[in-house]
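Colleague: Residues per chain, in single letters:
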Amino acid sequence: MTTNVKGTPIVKGLGFDSFGLGANACTVDIDEEQDKILRIRPFHFDEHQTPEELNAWKLEARGKTFEPGFKTLISPLSLCYKKRVYSKNRIPYPMRRVDWDPNGERHPETRGTSGYERISWDEAAQIVAGEIKRMHDEYSPEAILCEIDGHGETKVVHAAHGCITQLLDLCGGFTLQARQPDSWEGWYWGAKHVWGMDPLGQQNQQNNVIKDISEHGDAVLFWGCDPETTPLGWGGYMASRLCYWFTELGIKQIHISPDVNYTNAVHADKWIPVLPNTDAALQLAIAYTWIKEGTYDQAYLDTHAVGFENFRHYVLGGEDGVPKTPKWAERICGVPSYTIKALARYWAAHAVSIAHCNGGSFIRSCFAHEPARLEVALLGMQGVGKPGANQFKFMEWTLFGIPTLDPLPPSVHIPSLGAAYRGYVTGTKASFIPKTMIPEAIMNPPVQWYGHIAAGFPREDQFDGPYTFPPEGGSRIHMVWSDSPCWETCWNGGFKMQDALRHESIECVVVQHPWMENDTLFADIILPSNTKFETEDIGTDCDSGQWNVVFYERQAIQPIGESKSDKEVVAEVARALEQYGGVYEGMLDKYLGGKTDDEWIKVGFETSGVPEDLTFEEFKERQYYAFPTREDWKDIPAGIRQFHDDPEGHPLRTPSGKLEYYSTTLSHYFPDDRERGPIPHWIDEGAGHQERQYLERGRKYPFLLVSNHPHFRVHAQHDDVTWFREIETCKVTGPDGYKYEPVWVNPVDAGKLGLSTGDVVKVYNERGAVLGGVIVTERIMPGAVYQDHGARCDTVVLGEGGLDRGGANNLIAPTATTSKNAQNRQQIGL
Amino acid sequence: MKAFLIDVAKCNGCHNCQISCKDEHCGTEWMPYAADQPMTGHFWCKVEEKVRGSVPVVRVSYTPLVCGHCDDAPCAAAAKDGAVYRHDDGLVVIDPAKAKGQRAIMDACPMGAIYWNEELNLPQKCTGCAHLLDDGWAEPRCVDACPTGALSFGEEGALDLKGAEPLGPLVGLGAHAWYKNLPKRFVAGCLVDFDSREVVVDAEAVLVDEAGTEVARVPTDDFGDFLFDQVEPAAYTVRVAGRELAADVREKDLNLGDIALR
Ligand SMILES: Nc1nc2c(c(=O)[nH]1)N[C@H]1C(S)=C(S)[C@@H](COP(=O)(O)OP(=O)(O)OC[C@H]3O[C@@H](n4cnc5c(=O)[nH]c(N)nc54)[C@H](O)[C@@H]3O)O[C@H]1N2
Ligand SMILES: Nc1nc2c(c(=O)[nH]1)N[C@H]1C(S)=C(S)[C@@H](COP(=O)(O)OP(=O)(O)OC[C@H]3O[C@@H](n4cnc5c(=O)[nH]c(N)nc54)[C@H](O)[C@@H]3O)O[C@H]1N2
Ligand code: SF4
Ligand code: SF4
Ligand code: SF4
Ligand SMILES: [Ca+2]
Ligand SMILES: [Ca+2]
Ligand SMILES: [Mo+4]
Numbered sequence: 004m005t006t007n008v009k010g011t012p013i014v015k016g017l018g019f020d021s022f023g024l025g026a027n028a029c030t031v032d033i034d035e036e037q038d039k040i041l042r043i044r045p046f047h048f049d050e051h052q053t054p055e056e057l058n059a060w061k062l063e064a065r066g067k068t069f070e071p072g073f074k075t076l077i078s079p080l081s082l083c084y085k086k087r088v089y090s091k092n093r094i095p096y097p098m099r100r101v102d103w104d105p106n107g108e109r110h111p112e113t114r115g116t117s118g119y120e121r122i123s124w125d126e127a128a129q130i131v132a133g134e135i136k137r138m139h140d141e142y143s144p145e146a147i148l149c150e151i152d153g154h155g156e157t158k159v160v161h162a163a164h165g166c167i168t169q170l171l172d173l174c175g176g177f178t179l180q181a182r183q184p185d186s187w188e189g190w191y192w193g194a195k196h197v198w199g200m201d202p203l204g205q206q207n208q209q210n211n212v213i214k215d216i217s218e219h220g221d222a223v224l225f226w227g228c229d230p231e232t233t234p235l236g237w238g239g240y241m242a243s244r245l246c247y248w249f250t251e252l253g254i255k256q257i258h259i260s261p262d263v264n265y266t267n268a269v270h271a272d273k274w275i276p277v278l279p280n281t282d283a284a285l286q287l288a289i290a291y292t293w294i295k296e297g298t299y300d301q302a303y304l305d306t307h308a309v310g311f312e313n314f315r316h317y318v319l320g321g322e323d324g325v326p327k328t329p330k331w332a333e334r335i336c337g338v339p340s341y342t343i344k345a346l347a348r349y350w351a352a353h354a355v356s357i358a359h360c361n362g363g364s365f366i367r368s369c370f371a372h373e374p375a376r377l378e379v380a381l382l383g384m385q386g387v388g389k390p391g392a393n394q395f396k397f398m399e400w401t402l403f404g405i406p407t408l409d410p411l412p413p414s415v416h417i418p419s420l421g422a423a424y425r426g427y428v429t430g431t432k433a434s435f436i437p438k439t440m441i442p443e444a445i446m447n448p449p450v451q452w453y454g455h456i457a458a459g460f461p462r463e464d465q466f467d468g469p470y471t472f473p474p475e476g477g478s479r480i481h482m483v484w485s486d487s488p489c490w491e492t493c494w495n496g497g498f499k500m501q502d503a504l505r506h507e508s509i510e511c512v513v514v515q516h517p518w519m520e521n522d523t524l525f526a527d528i529i530l531p532s533n534t535k536f537e538t539e540d541i542g543t544d545c546d547s548g549q550w551n552v553v554f555y556e557r558q559a560i561q562p563i564g565e566s567k568s569d570k571e572v573v574a575e576v577a578r579a580l581e582q583y584g585g586v587y588e589g590m591l592d593k594y595l596g597g598k599t600d601d602e603w604i605k606v607g608f609e610t611s612g613v614p615e616d617l618t619f620e621e622f623k624e625r626q627y628y629a630f631p632t633r634e635d636w637k638d639i640p641a642g643i644r645q646f647h648d649d650p651e652g653h654p655l656r657t658p659s660g661k662l663e664y665y666s667t668t669l670s671h672y673f674p675d676d677r678e679r680g681p682i683p684h685w686i687d688e689g690a691g692h693q694e695r696q697y698l699e700r701g702r703k704y705p706f707l708l709v710s711n712h713p714h715f716r717v718h719a720q721h722d723d724v725t726w727f728r729e730i731e732t733c734k735v736t737g738p739d740g741y742k743y744e745p746v747w748v749n750p751v752d753a754g755k756l757g758l759s760t761g762d763v764v765k766v767y768n769e770r771g772a773v774l775g776g777v778i779v780t781e782r783i784m785p786g787a788v789y790q791d792h793g794a795r796c797d798t799v800v801l802g803e804g805g806l807d808r809g810g811a812n813n814l815i816a817p818t819a820t821t822s823k824n825a826q827n828r829q830q831i832g833l
Numbered sequence: 629m630k631a632f633l634i635d636v637a638k639c640n641g642c643h644n645c646q647i648s649c650k651d652e653h654c655g656t657e658w659m660p661y662a663a664d665q666p667m668t669g670h671f672w673c674k675v676e677e678k679v680r681g682s683v684p685v686v687r688v689s690y691t692p693l694v695c696g697h698c699d700d701a702p703c704a705a706a707a708k709d710g711a712v713y714r715h716d717d718g719l720v721v722i723d724p725a726k727a728k729g730q731r732a733i734m735d736a737c738p739m740g741a742i743y744w745n746e747e748l749n750l751p752q753k754c755t756g757c758a759h760l761l762d763d764g765w766a767e768p769r770c771v772d773a774c775p776t777g778a779l780s781f782g783e784e785g786a787l788d789l790k791g792a793e794p795l796g797p798l799v800g801l802g803a804h805a806w807y808k809n810l811p812k813r814f815v816a817g818c819l820v821d822f823d824s825r826e827v828v829v830d831a832e833a834v835l836v837d838e839a840g841t842e843v844a845r846v847p848t849d850d851f852g853d854f855l856f857d858q859v860e861p862a863a864y865t866v867r868v869a870g871r872e873l874a875a876d877v878r879e880k881d882l883n884l885g886d887i888a889l890r
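Residue numbers (our numbering), protein chains in the order written: chain A, 4 to 833; chain B, 629 to 890.
If we strip away everything but chain A, and leave its shape as in the complex, we get (with noise of 0.2 Å):
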């Protein structure tokens, strides 16, 4: 029985980026004496702090006023999380797979299919540290591969992600899985050689743009944007609120998308369904519209940009012969002349800023980099940076620590546990491989590509190179050690990964995990880590749009079974390597980089940014501190006025300063790339890709698939929770009881089809086929189907052509890139 109805309230910060970043504070009560979550709840900033210390800010527009609350708006992601420390699906012991036999025969082919047995965890270390041995002497430190680069718990001390590479760096190097800039590929391939808008090509002045809309705007494009769903991984409900906001102002929110997504389901004014990745055709026949009714800014542009006549040309039909109107955009994307001409007027006489996440399927698709730039193109055309007029996030307020990115009034100070961070920072590798190229690169090398390809790099990285793998007189892959195993479920062409895992190059694939789910099940070596509810550390939330703060995270529970932080996991390692000597000798203390835990949580804190009249011991008392409001907030521009206003003094990061219609830098490094030339174009198919319907291959596999970032998951995590999977939209359960990813279908189709609500289908191509549940819906247009992506991989047949049952559709994505020269990566397409 448990009678301590309030129990010991700590700080856990609930939200699920990694990389150091933390969000969503959340107070936990936890029942010491029992060793137990008692529950997850909203944290409170006015513990301690005063509105007053705070500076508590309001917007005040049209008679009405906003204000953040003194309670973090945390999401059910975070409030389930229980279910995810206790879940079942733990993994309660280190493991080694039956049939695969260090010291003697090792069946590569029957990793994913084989069972695993219990061992110690000094066995498990042994032999961890045996493999990283002998690949160091037989072949070369580049031989292991790490796959360090997943979202999850955001864990700073204890990092969930690239404490191996602490390890790896110590004795010798690595191979790197090298994260694409996955969440804004099109923006960072395309719209940054228009307006330059580094690091993700996404518009990096955004300060008080909210205020902006709030008293000048008429109407807000939810262009391929769900806040009701992307906000929550890491930010939680305050875009929710200010949807609400807007709705309050009059501001009329138009949705441009082929799924009615949460947002659009309870706060659209306006839906406009357009054919999945054929938004280019829709832009490029409303920039027509405003040509020829002369509904444009030409004095902006003549001012603010260079190449516009070039673009305006190809808009007309000078290149090609064909005229971009709105009937020829008509048969390509689903929407009808007379809608598109309507909201091109609509747009061209109100003030109208488009809003993101961070850009949905379509920025993410084959050629994504097209309707990105286009998507400035226009902008530009409506003179952009005027009253009521921006692109701005309603995500990752406070990304790589820019203070320009908060469109609400930004605290005086974004706090940085960096010194703390004892997982991998993006930099430069010797060794490294583009994360779609895996499978290649395992199976084919060498491999080849151009530019550092993470995140964050400035646009100038995408002309360097080419870098190849394996490196002048390097070796293969032979070793895999991961700390993100659901390569299979997120990335694209995971059937094809799924056969590389098991190829007969890898000698030794080892997971640390605290989850027994998608490539895990690959692993000859399993090592269990565990959820931060387990162990201390230090977090922040800089994403909730109401204040930034950092917290002391108490351990909640002891350690569930044998597992142990991913740090201690490869601690573990580390200690075991100091027995071979020379460059292994005093490799954990090494490793430990000479502090305790306790001493790097206080390095972290001590280098937060915090007052300094905060001594470590109140700030554990307290929990928390959290930034004021900065006393000038109303006096910042709003997002790029200061580029409109004066486009010389404020220039963009472009070679011209300028928005560049015509890309010199594009035309002098790929003159040939007909994929990506210098000016955006509506692209039908490439080398990789004939994805579009009216294609050949489109008769074949006629419907557009929407993947979606999952509403009640974060890629693949949490799809283990049963709080989740009872709801009736949530899974859909077959006929044979099993919960299965929903696929949404138009009645139209499904008609067509005869498909109904509750059938089990097969969603396929010649890559190989998932299973999904149907849910027959309006939510979705026809000709397009949805099933969100990251689904837990549950296959029947393994590999190329094969077939999972879980609906983890990723694995019969497309691996090309978007052209030779862009390490994009899509996902749509039957």
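The set of hints was computed from the structure by calculation and includes no laboratory data.
Heads up, a few of these hints could be off.
To be verified - Below, computed lysine-lysine pairings styled on BS3-like, alpha-carbon distance capped at 27 Å: (1) K674(B) x K742(A); (2) K67(A) x K637(A); (3) K74(A) x K630(B); (4) K67(A) x K808(B); (5) K630(B) x K726(B); (6) K812(B) x K255(A); (7) K880(B) x K755(A); (8) K74(A) x K674(B); (9) K755(A) x K678(B); (10) K790(B) x K67(A); (11) K808(B) x K790(B); (12) K9(A) x K630(B); (13) K74(A) x K638(B); (14) K255(A) x K808(B); (15) K638(B) x K678(B); (16) K880(B) x K255(A); (17) K638(B) x K67(A); (18) K674(B) x K39(A); (19) K742(A) x K678(B); (20) K808(B) x K74(A); (21) K812(B) x K638(B); (22) K638(B) x K255(A).
Start from chain A and add chain B with the ligands according to the hints.
Modeller: For chain B with the ligands alone, coordinates are given in the frame of chain A:
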């Protein structure tokens, strides 16, 4: 007297209320208020969803359902041994010790707010988080976790109940869960001149009931769209640009789609 006020116009469907209720009650017992709730299958707070309309006028209405803590509670009437009692602040609580085996309690609730716990042989439902209120909390878990203000809780006299109503099945039972802006029906359409392929802006659309009385009148907007929102379920006629279209929304909402100008 404590009461819930639920404004569905402010509900974003996040399910925080449903999940936080489970976080509080699944796997943790709060005796003598409540035995622990099974890990899945019970919905002491349940977010109901309804998809309305058709492409391209589609919206989703969410309605969080909680026990009404009725004055004339049929569940209390069906209980033996005073197994369902009224807490000091008016909340209706099932006594987990006394209610064992009493299926009649569950069957009596007209809105299905009570669930059966197989393992404990017990009917269970929302306690109003009485264990927390008695411990000094101002609001129960579901209300605390609601990010939009759709859920509120407090002394009934202090809540703004103007226009609020109980859920259908509880009418007349003196329920203390009050709802605002429960979804009614909409009629939508878009007026298009297919000869010029242009939408028709600023045309009058009129909604007329069966008796021929005008119910509402709106102009088409910049997209040629018109919308009659929150109208009573009935059979109507829409008059627009000289055309008359039947609009029967007794059963469900209606999007008339593109209407050709003649
Ligand atoms: N179809 C489709 N696919 C997509 C996208 C899309 O829009 N559509 N979007 C893409 C995008 S933007 C992204 S960012 C990727 C996301 O891809 P990932 O970032 O790879 O996915 P996650 O599931 O968030 O996290 C990675 C892994 O970390 C694990 N993890 C969590 N916490 C811990 C921990 O404490 N320790 C350890 N060792 N592991 C932990 C998780 O269980 C999971 O296996 O998916 C991409 N894939
Ligand atoms: N709950 C939750 N939150 C998350 C994540 C998660 O997995 N779950 N992932 C996090 C990560 S890593 C990222 S990168 C962000 C992603 O944030 P986003 O990129 O914004 O998210 P998406 O779900 O990919 O897409 C948003 C919307 O785009 C629309 N859309 C899809 N295809 C098209 C198209 O072809 N054209 C147009 N116009 N619209 C389209 C859909 O309506 C969809 O709801 O979210 C982050 N937050
Ligand atoms: S709603 Fe049902 S369970 Fe609640 S008090 Fe009324 S009759 Fe009883
Ligand atoms: S008041 Fe408590 S028991 Fe009732 S629905 Fe809300 S959280 Fe659940
Ligand atoms: S928590 Fe509030 S907004 Fe969310 S579903 Fe429940 S009532 Fe609606
Ligand atoms: Ca204009
Ligand atoms: Ca802020
Ligand atoms: Mo991402």
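Colleague: Compare the structure with each hint and give your call.
Modeller: Verification of the supplied hints:
Using a Cα cut-off of 27 Å, the hinted pair K674(B) and K742(A) holds, with the two alpha carbons roughly 20 Å apart. Only pairs whose Cα atoms come within 27 Å are accepted, and K67(A) paired with K637(A) is accepted, the gap being roughly 17 Å. A C-alpha spacing of about 23 Å is found between K74(A) and K630(B), which places the hinted pair at or below 27 Å, so the restraint holds. This hinted pair checks out: K67(A) and K808(B) have alpha carbons roughly 21 Å apart, not beyond 27 Å.
In summary, the hint linking K630(B) to K726(B) is supported, as the alpha carbons are separated by about 24 Å, within the 27 Å threshold. Distance restraint check for K812(B) and K255(A): the Cα-Cα separation of roughly 22 Å lies within the 27 Å cut-off, and the hinted pair is therefore satisfied. At most 27 Å may separate the alpha-carbon atoms for a hinted pair to count; K880(B) and K755(A) meet this at roughly 24 Å. Note on K74(A) and K674(B): the hinted pairing holds, with a Cα-Cα distance of about 24 Å set against a maximum of 27 Å.
Note on K755(A) and K678(B): the hinted pairing holds, with a Cα-Cα distance of about 24 Å set against a maximum of 27 Å. Between K790(B) and K67(A) the alpha-carbon distance is near 21 Å, which keeps this suggested pair within the 27 Å criterion. Of the pairs offered as hints, the one joining K808(B) and K790(B) holds, with about 8 Å between alpha carbons and a cut-off of 27 Å not exceeded. With a C-alpha separation of about 21 Å, the suggested pairing of K9(A) with K630(B) holds against the 27 Å cut-off.
The hinted pair formed by K74(A) and K638(B) meets the criterion: a straight-line CA distance of about 18 Å does not exceed 27 Å. Between K255(A) and K808(B), the direct Cα distance comes to roughly 23 Å. Compliance with the 27 Å bound is thereby established for this hinted pair. Simply put, K638(B) and K678(B) have alpha-carbon atoms about 15 Å apart, close enough for the 27 Å limit, and the pair holds. Only pairs whose Cα atoms come within 27 Å are accepted, and K880(B) paired with K255(A) is accepted, the gap being roughly 26 Å.
Restraint check for K638(B) and K67(A): the C-alpha separation of about 17 Å stays at or below 27 Å, so the hint holds. A distance of roughly 26 Å separates the Cα atoms of K674(B) and K39(A); the hinted pair therefore holds under the 27 Å criterion. In summary, the hint linking K742(A) to K678(B) is supported, as the alpha carbons are separated by about 21 Å, within the 27 Å threshold. Between K808(B) and K74(A), the direct Cα distance comes to roughly 25 Å. Compliance with the 27 Å bound is thereby established for this hinted pair.
Under the criterion of a C-alpha separation no larger than 27 Å, the hint pairing K812(B) with K638(B) is consistent with the structure, at around 15 Å. With a C-alpha separation of about 17 Å, the suggested pair K638(B) and K255(A) falls inside the 27 Å cut-off, and the hint holds.
The structure shown violates none of the earlier numbered hints.
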